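These are the residues of each chain, in order.
Number of protein chains: 2
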Amino acid sequence: MQTAVSEDIETNKSILAEQIRNCKKKGAELVVLQELHNYLYFCQTEDVSAFDLAESIPGPSTDFYGALARELGIVLVCSLFEKRAMGLYHNTAVVFEKDGSIAGKYRKMHIPDDPAYYEKFYFTPGDLGFKPIDTSLGKLGVLVCWDQWYPEAARMMALQGAESSDNENEKKRQQEAWTISQRAHAIANGLPVISVNRVGFEADPSGQTMGIRFWGHSFIAGPQGEILALASSSESEILITDINLTHSESVRRWWPFLRDRRIDAYDLSKRFID
Amino acid sequence: MQTAVSEDIETNKSILAEQIRNCKKKGAELVVLQELHNYLYFCQTEDVSAFDLAESIPGPSTDFYGALARELGIVLVCSLFEKRAMGLYHNTAVVFEKDGSIAGKYRKMHIPDDPAYYEKFYFTPGDLGFKPIDTSLGKLGVLVCWDQWYPEAARMMALQGAESSDNENEKKRQQEAWTISQRAHAIANGLPVISVNRVGFEADPSGQTMGIRFWGHSFIAGPQGEILALASSSESEILITDINLTHSESVRRWWPFLRDRRIDAYDLSKRFID
Numbered sequence: 003m004q005t006a007v008s009e010d011i012e013t014n015k016s017i018l019a020e021q022i023r024n025c026k027k028k029g030a031e032l033v034v035l036q037e038l039h040n041y042l043y044f045c046q047t048e049d050v051s052a053f054d055l056a057e058s059i060p061g062p063s064t065d066f067y068g069a070l071a072r073e074l075g076i077v078l079v080c081s082l083f084e085k086r087a088m089g090l091y092h093n094t095a096v097v098f099e100k101d102g103s104i105a106g107k108y109r110k111m112h113i114p115d116d117p118a119y120y121e122k123f124y125f126t127p128g129d130l131g132f133k134p135i136d137t138s139l140g141k142l143g144v145l146v147c148w149d150q151w152y153p154e155a156a157r158m159m160a161l162q163g164a165e166s167s168d169n170e171n172e173k174k175r176q177q178e179a180w181t182i183s184q185r186a187h188a189i190a191n192g193l194p195v196i197s198v199n200r201v202g203f204e205a206d207p208s209g210q211t212m213g214i215r216f217w218g219h220s221f222i223a224g225p226q227g228e229i230l231a232l233a234s235s236s237e238s239e240i241l242i243t244d245i246n247l248t249h250s251e252s253v254r255r256w257w258p259f260l261r262d263r264r265i266d267a268y269d270l271s272k273r274f275i276d
Numbered sequence: 003m004q005t006a007v008s009e010d011i012e013t014n015k016s017i018l019a020e021q022i023r024n025c026k027k028k029g030a031e032l033v034v035l036q037e038l039h040n041y042l043y044f045c046q047t048e049d050v051s052a053f054d055l056a057e058s059i060p061g062p063s064t065d066f067y068g069a070l071a072r073e074l075g076i077v078l079v080c081s082l083f084e085k086r087a088m089g090l091y092h093n094t095a096v097v098f099e100k101d102g103s104i105a106g107k108y109r110k111m112h113i114p115d116d117p118a119y120y121e122k123f124y125f126t127p128g129d130l131g132f133k134p135i136d137t138s139l140g141k142l143g144v145l146v147c148w149d150q151w152y153p154e155a156a157r158m159m160a161l162q163g164a165e166s167s168d169n170e171n172e173k174k175r176q177q178e179a180w181t182i183s184q185r186a187h188a189i190a191n192g193l194p195v196i197s198v199n200r201v202g203f204e205a206d207p208s209g210q211t212m213g214i215r216f217w218g219h220s221f222i223a224g225p226q227g228e229i230l231a232l233a234s235s236s237e238s239e240i241l242i243t244d245i246n247l248t249h250s251e252s253v254r255r256w257w258p259f260l261r262d263r264r265i266d267a268y269d270l271s272k273r274f275i276d
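Each protein sequence line maps, in turn, to chains A and B.
The first sequence begins at 3 in my numbering and counts up by one.
The second sequence begins at 3 in my numbering and counts up by one.
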């Protein structure tokens, strides 16, 4: 689902709930929401009052979305502004099981910081590592936004048995580079990738910039990077597709990248090799 | 350059030399040849007599191509079947400096093995690691074929200061996945990528299969994954483009992936994390 949102959190949640119910009606078993779906993208400015938007996990939003997952019997991936303690906040994805319980959470690991995307002001880098979340539908490797650009992150998920990869995303300079990077994760790791982007225009509350037009184009790719479903650049939209895990098994036999990794020769935990 | 070749090594070398001279006439300073350019792709079958094609480095081919690099004043990237010792062979790229000297070599690290691509029979995995080769035109991160599919390999080159990445390639199931993987390397590492593929039909000497039609489509991508030049699927062809290293510097400022790598959280030297 990619869904344009407004300043009114309660209205946003109602719209999202209605759309999630529509997904279920269309047969979806797994529903993935965009990054920080409850509200506008508040990182356009650095504003201490925006910390009021954060909430604990579990908390009101996990109660709300957990109840929805239970009501519909779906696995649901949400994205929340987590208040872990006073002065300690994360950008956190929460995965709900079909019974409404929390299957696991992932705290965004790579935090960007650019003009109009002041995320380092708001979010402490995640400390839960790259761990796929076990669900009744398979192991989900959840990555958020800036994480999606890192081949290391996708590989870490695959090495821990991820069977599909969910991405929640909002920030981009070039849509094509964004798409290519994630299709390449699918290819390199023999995994389907579900990539959900924000959509629509959001003004800059500070008036310093022209605001951000999020470009949508959410997509689902198969384990060879092939596009299975693609949303528009401008409209709120629901994408539905079947994910065939047997096909992933076949692809990993045809393209046995894991067989031939040169683990003796990778030295990827250095900042730079001077 | 992508160049169809025949069974006649001397004719192949003459054609390649003529094409390299054409590159120079068109203004090229760096010329990159395809994988194992001197001969047909002999890995279609497992045949001990094919080891006769191998030669030492330095040896006759490095004399030949080194002289050409010196004559034309170009940096030249070749790909040879290296005989390191009796019973010890590698798939080795050799980079020549403008004065004809060997600037460095790279032994293919990831060796595939699939029906009609029996490379594990011929090539011992490289033991020189992923080290960019310093030339008067910049640091070249050379990767060969199966290597190109590994984000770890491209990242290793970037961490050691590679300023561009050269790929020599022949094997593929799906051209699109191949292209996407390498454009993603360019994006993730803020590097131009030069990717050279074989082209044309080569019969299976054993008659067991229908042979291989190599798909060409050699390309050069900029540091945002943008395609700068693209060759055809069927013809021998020379691609010429300018590579602007100042642009790479700008792109690494706009997309500071190296800044935000979570080196504390990558555990990529395990085979699998059970």
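Take the hints with a grain of salt, since some may be wrong.
It does not matter which identical chain is meant; a pair holds if it fits inside one copy or across any two.
Below, simulated SDA-like cross-link-like pairs (lysine to any residue); rule was C-alpha separation at most 20 angstroms, straight line [as the list claims (entries may be wrong)]:
1. Lys-85 <-> Gly-140
2. Lys-133 <-> Arg-264
3. Lys-141 <-> Arg-273
4. Lys-15 <-> Asp-115
5. Lys-15 <-> Arg-264
6. Lys-133 <-> Ser-271
7. Lys-26 <-> Gly-89
8. Lys-133 <-> Leu-270
9. Lys-28 <-> Ala-231
10. Lys-141 <-> Asp-54
11. Lys-133 <-> Asp-49
12. Lys-26 <-> Leu-74
13. Lys-122 <-> Asp-262
14. Lys-141 <-> Leu-260
15. Lys-122 <-> Trp-256
16. Lys-272 <-> Gly-131
17. Lys-133 <-> Ser-103
18. Lys-26 <-> Ala-118
19. Lys-28 <-> Tyr-120
20. Lys-122 <-> Ile-265
21. Lys-141 <-> Asp-276
22. Lys-141 <-> Asp-101
These are computed hints drawn from the structure, not numbers from a lab.
This structure is a prediction, so every number in the text was calculated from the model and none was measured.
Structure versus earlier hints, numbers of those that do not hold, lowest first
Numbers 1, 4, 5, 7, 10, 11, 18, 19 - these are the hints that the structure violates, sorted from lowest upward.
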